[in-house]
Structures are given as C-alpha cells and as structure tokens.
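Colleague: Chain by chain, the residues:
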Amino acid sequence: MADVRPFIREELLPPERPPRRHLISVADLTRDDVARLLHVARSFARTLEREVKKLPTLKGRTVVNLFFESSTRTSSSFELAAKRLSADVMSIKAAGSAVDKGESLKDTALTLAAYDPDVIVIRHAEIGAPQLVARYTGAHVVNAGDGKHQHPTQALLDLYTIDEEFGGVEGLHVAIVGDVLHSRVARSNIQAFLLMGAKVTLVGPPPLIPRGIEAMGCEVSYDIGAIRDADVVYVLRMQRERMLEGENYVPSLREYAERWGVTRERLRPGQKVMHPGPMNRGVEIDASVADAPDALIERQVRSGLVTRMAVLYDLLTHEPVETEVAAIQEVA
Amino acid sequence: MLYGKNGPKEDLVVRGARVLDPVQRIDARIDVRIDAGVITQIGERVERNGHRVIEADGLVLAPAFVDPHVHLRTPGREDEEDIASGTRAAAAGGYCAILAMPNTDPVVDSAAVLGSLVERAQADAEVPVGFLAAITMGQGGGQLTEMVELAEAGAAGFSDDGKPVVAPGLMRRALQYNEVAGRRIALHCEEPTLSRGGHMHEGTVSAELGFGGYPSIAESLMVSRDLAIAAYEGQPLHLLHLSARESVDALRLAQAEGVRATGEVTPHHLCLTDEALRSLDPNLKMNPPLRAETDRRALVDALRDGAIAAVATDHAPHARHEKDVPFEAAPFGVTGLETAFSALYTRLVEPGILPLATLLERMSAGPARIYGIEPPRIAAGAPANLVLLDLEATWQVAEASFRSKSVNSWLLGQTLRGQVRATMADGRLAYAA
Chain U
681 MADVRPFIRE ELLPPERPPR RHLISVADLT RDDVARLLHV ARSFARTLER EVKKLPTLKG
741 RTVVNLFFES STRTSSSFEL AAKRLSADVM SIKAAGSAVD KGESLKDTAL TLAAYDPDVI
801 VIRHAEIGAP QLVARYTGAH VVNAGDGKHQ HPTQALLDLY TIDEEFGGVE GLHVAIVGDV
861 LHSRVARSNI QAFLLMGAKV TLVGPPPLIP RGIEAMGCEV SYDIGAIRDA DVVYVLRMQR
921 ERMLEGENYV PSLREYAERW GVTRERLRPG QKVMHPGPMN RGVEIDASVA DAPDALIERQ
981 VRSGLVTRMA VLYDLLTHEP VETEVAAIQE VA
Chain L
1470 MLYGKNGPKE DLVVRGARVL DPVQRIDARI DVRIDAGVIT QIGERVERNG HRVIEADGLV
1530 LAPAFVDPHV HLRTPGREDE EDIASGTRAA AAGGYCAILA MPNTDPVVDS AAVLGSLVER
1590 AQADAEVPVG FLAAITMGQG GGQLTEMVEL AEAGAAGFSD DGKPVVAPGL MRRALQYNEV
1650 AGRRIALHCE EPTLSRGGHM HEGTVSAELG FGGYPSIAES LMVSRDLAIA AYEGQPLHLL
1710 HLSARESVDA LRLAQAEGVR ATGEVTPHHL CLTDEALRSL DPNLKMNPPL RAETDRRALV
1770 DALRDGAIAA VATDHAPHAR HEKDVPFEAA PFGVTGLETA FSALYTRLVE PGILPLATLL
1830 ERMSAGPARI YGIEPPRIAA GAPANLVLLD LEATWQVAEA SFRSKSVNSW LLGQTLRGQV
1890 RATMADGRLA YAA
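For the record, the sequence lines run as chains U and L. The number in the working numbering is simply the position in the first sequence, starting from 1, with 680 added. The number in the working numbering is simply the position in the second sequence, starting from 1, with 1469 added.
By construction, these hints were calculated from the structure, which means they are not laboratory data. Be careful, since some hints might not be right.
Interface residues of chain U toward chain L, partial, derived using beta-carbon atoms under 7 Å [stated by the list, open to error]:
{"no.": "1", "residue": "Ala715"}
{"no.": "2", "residue": "Gly892"}
{"no.": "3", "residue": "Ile893"}
{"no.": "4", "residue": "Ala895"}
{"no.": "5", "residue": "Gly897"}
Where a beta carbon is used, it is the ideal one built from N, C-alpha and C, also for glycine.
Using the sequences provided together with the hints, build the complete structure.
Modeller: Pasting the structure below:
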C-alpha cells in the first residue's frame, strides 16, 4: 500500500501519543505522583463551585467504563468525572453485554480497542483483569477494582478526604478495621497511607487479617480497643459476597458486630470515621457513628468525583493544571 | 511398561564427546559405538565399522533423561497435547522415556482406556511412554480401580495426580492392595479444606496481592499423613511435585525411619519463588504453587543430597485461550519438557549451586529407579538411551521453538544456557538439532 502520509497536512495528523500510562495499583505511584494528583483534584474542586461545572479539557477524548461487578459510587463518579471534563463516555455493564453470551475478557477488550478509546476504566472480580486489558488495547487503563487486589482511586480519594480534613497525611495514625482479607480497598489504602507517611494499624478477627500482611509495613491488632489510639478509624465492609460458603471466617455476624463493630462507645470524641461504602449498618458500623458529624463518609463520595477527574486529566494531558484552569476561568 | 514406536535402530559412532555417566562413574573424553541401537564399545579411538559418525567435540554425552511426571492430555484434550507432540517435545528436551499421568478425559481407570493408549503410543510415540493408572475410579476418591488388572495391562504406576486421595481409610486400602499389584503409588498431597480458594502460596506476597492463599501445610499435612500410613503398612510410596520445606522435612524423617518413600521436584519449584507472581503472569500459576525462598532452598538441598531423588517437569500443557485470562481465572499448570535441562543448568549448575553430575543423575537414573525402570546408562550391552548436550550454547525461549502443542512456559522470552543437541531413545535417534 502506498504511503499516504505526505498528502495529509501536518496539522491533520494525529498528535504523537505520549507514553501510555496506567493506574493499576497504588504501587505504581510515587509520593510526588500522589501530591500532584491531589493538587489537580483541589484545582478541580474550585471550578466545581461555579454555576457551570463543565470543563472543555478532555473534549474529543473517549473514556470507556467497563464494569463487570456491580458498583454505584465508583461507576457513577467515573462517568460524571469524564463528563465534567467533556470527554465522550461509554459505560458498559457486564449484564446485558456480550459477556452474558460467554465472551472472554480478551475479546471484549479487543472489541473495545477497535473504537480506539483513550482511557478504559475497568472493574472486574478477578485479579489481573486490568493487566489483560492493558495488554490487548492501546488505552490508558485505570483499575476501578480487581477482585481482592487493588482499588487505587479509592485510596486517592481517601487521601484527598483526609488531607482536606487534617491538612496533611504525614504523621497521622489510621486504624483500618474489619474484613481486610477480602478487601481491595484495604490493600490500596495500606500502601497509600504508608506512602504518604501515616502509621497504619489493622484491627479485626484473626481469620480476616491475612497472614503475613505485616510485611507491608503496618501493625496488626485483634483487639477493637486498639482503634482508640487512631486519628482516623477506617471501617471496612464485611464482604459477604466474597466469602467462601462454609469457611467460618467468623462464627456469626452478631458476634462480629459485638466484638469488632465500630460503635460510639468504642470511639474517642473527635476521632474521624471513614467507610468506602456500601455500609452494613449494625454490622461493621453502628448507624449513630455513620450519621455523626465526625463521619467523613459523605465527603469521601464527593472527593471521588474530583479525584477521578484528576486521574483522567493526569493520564491524558501534560499541561500543568494551572494553565488549564486559568484558560477555563477566562472562557467562563 | 514403556511403549513407543518400533523403528530402525541406529548404527552410530559418537566421537570426541565428554562422556559423563554419574552412575557408571565415567567422566572422560572417549568414543561410543552403537550397533543396532545397543552400546557395544566405549573407549579411545573406537572403530568406525562403516557407521555414521557424530563429531561431538566440545559436547557432553550423558544417559538420556527420564521424566516421571508428564500430562499428555490424551485422551480428551488432544488440542493441548497428544502422544506424538508430547513425545516430540520430550525428545527435544533430552528425554528417552516419560511417564504420563492418568487425569485425562476419560480418566485412565480401566484396562480398556489404558489399552487404547498403549496402542496409540506404539503407533505415535517418538520416545517410550509409560502410563500411570488412577488409584480411584474417575479419580473420584471413592472406589479403588482394578489395580491388579491394570498392572497386568501395563500400568507403570498408580496416581490420582491433580487430586489427593482425601480419605485416609481409602489411602490405606490402596497401599495394602498394591502389595499385589506391585507398582509404585504416586501421591499428589493436598488437604483440600486448607487449599480451598487458593491461587498462590500463602505468605507475604499473597497478603499484599490479595490472592486466596494455598498454605504450605495444605501439602505437608497430607505428606505426613501419607507417610504415616505407608510406614504402618510397610509399603513404598512416591510423593509428587514437592513444594514446601515442611514436606521435605517430613520425607527426610520418614526415610531415616526406614520408610521406602521417594520424592520429586519440578524445575519451576527449584528456580522460582512466590515473589515472581507480582507480575500476575498466568504462566506462573501451578499446583502446588511457587513458595518462599526458604522452601526453594530446602528443595535444592534435598535434590543435591538425594532425599529428593528425581526432577519431574509436571509438564502441563494448556490451550492458549485458557491461559490468556486474568491470573485468577487461569488454570494451574506450566509446560516444561523442552526447557527443564537448560533451565536447571542455567539457574543451578552454572552458578555452582548443583554439580552437573548430580543434575544428570536426578534427571535420569533417579526417576527411573522410583518406578522400576531400567536406568539409562553408558555401558556395553545397554540400549542406547543417550543425550548429547552443548553446555556452551545460549538460546532464547520463544513460542516458535516448542514442539509441544502448548506454549504456557514460564520461561518465554528468557535466554538460557545449555542446549540439547540430540537424543537417542531405546536405540532410535529421536531428536537431532
């Protein structure tokens, strides 16, 4: 085939693609990366206070949300984040798609790759799914949760929330309470909190604390009393849907709630409480704690939007955010 | 017990090689003459007698290898491997004999299935194959197979490989009855309530990555149980693909107490640890899983001092589309026939961790003795089961380099040292590069 390039005007050629980056694990991030992302997120938070909230930044870009597991918070906030940045968004849920007809993840990825998306956001029940999509598409891949492995944007939005509340993460003590074994949020957050200089203590019943997890650099306690020393009490959901039938991780939810549930009596006044949602009220967290003013749970959801905007922005642009935002302000 | 193609036996002289046979205690630059597939003369300046001459200056001539643990996927999954492709792969890996596991579809649990495999091997097998039969019907762990009839029909041994014999009472019956059947019973040791939901070794890496853990005790507990039953019954047994330090400890203890227990270890368990799984490469997923560095060292030590007598590849071909999925969804198993020697030479012999002669013995006479197969040897009167090795060669493992139908190798893309140049199996030239 003849080379058609000489006949196309230079400015009509697609710009050279920057090196492809992914956000699959918190382990992919440095302290500087996190600081930059939080900075970008703060800039977006300010623009969102205006009446017209849409920014033209990612106009002409395509973001595909590929969700193989149910999700309310994560999928809606990724969708809105992309829309606020004027990207074209395509959201695909496993139910009703070709996946129902037995299509493999590889074939789904190849199908989507044909549309040449800039970013694929994927949630999947199996560890390693984001790597597979990265292998078979040219898109930047953002992991929105793969099995029990990682959920890096949750960690970023939690860092953002804590940073807003405390003015920094360095030196804080975070207790992560509950079902660590089945929690991708716990794994991402342990790495993220430690990366930013916080101390992390895991608290829960021994069968739900993975053997050997201290090697990540955190401490472990089986006594719920240990949460009293923490600045932030991060409560995990009991992930009943990931538990193997008949494995007896805890004898009963009643006994779990009684021994490890986060109640008002077990907290010091002023301790901040977080939860990635959805909550099992009355199991891992008491309703009065969830609704108290010291709970940052709603703020976490709000942080999700600007943090995910920052992640999409960071993957797709190279301009410092100030230039972008200033230009936008002028237009507005 | 071993079945392969009948074909023209070679008349050959191998000239100038370093002949290395650890069992015969030969290590010298001498010639070897083969008449009609049988070694007839070893020494300096052997007469050519009009035979074809292989000039082997700079190469090593050793007894060919015996792989006690291969999955030929036949019958049932001939898309992944069949007897012809699997034995071609074996020949290219330097093997003169392999033993195939019975976890096929259907399972090799009757003389009829076994008989059809024997027939196919006699038509297709480039190197002789022995077939193990199942211990229990359908490997279901409920009903013993007709072990005596299967032994008479040519079963090389018995195994429910891929699955443990869960009930201790049934395990005991199998060992008792095998007194009459007279073959080796080979056990996949896994306590299923401890390994359930496990995708990799339980340790610091699984904790960080979030994988369900498959703890060492899931293996070692079953190893200890089976050794205790074997000791009580005074019966021999063989432990398949050992992975954990505690299993090695239990094996040593039983051997010291006089139990006739043997063990085998795979190249991947000798070379890798669970740290490698951070890449989430499905070609690093196998059962038992890669374990910690202390386990790996215990396995190397046991292979060196002979507590573990054999290297086994546990060659487990899988269709490309079955491995091309997220790690958690991938089946267990990796290939190994064509890379075993080079991988172990590169990772253990060259760095000085394992003597070459020891590796050669553990890949040849060691596994042969476990199953009562005549050990390959370089001696006048012995059938020519020989491998010619180039220890200076380096080569890159690539998909295109495999004779196996499957490419699920943990070594893809890696550069290895030491290469098989030719293999003679029962007097036939089965492979020549």
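Colleague: Against this structure, judge whether each hint is valid.
Modeller: Okay, the hints, checked on the actual structure:
no.: 1; hint: Ala715; result: 23 Å, violated
no.: 2; hint: Gly892; result: 4 Å, holds
no.: 3; hint: Ile893; result: 4 Å, holds
no.: 4; hint: Ala895; result: 4 Å, holds
no.: 5; hint: Gly897; result: 10 Å, violated
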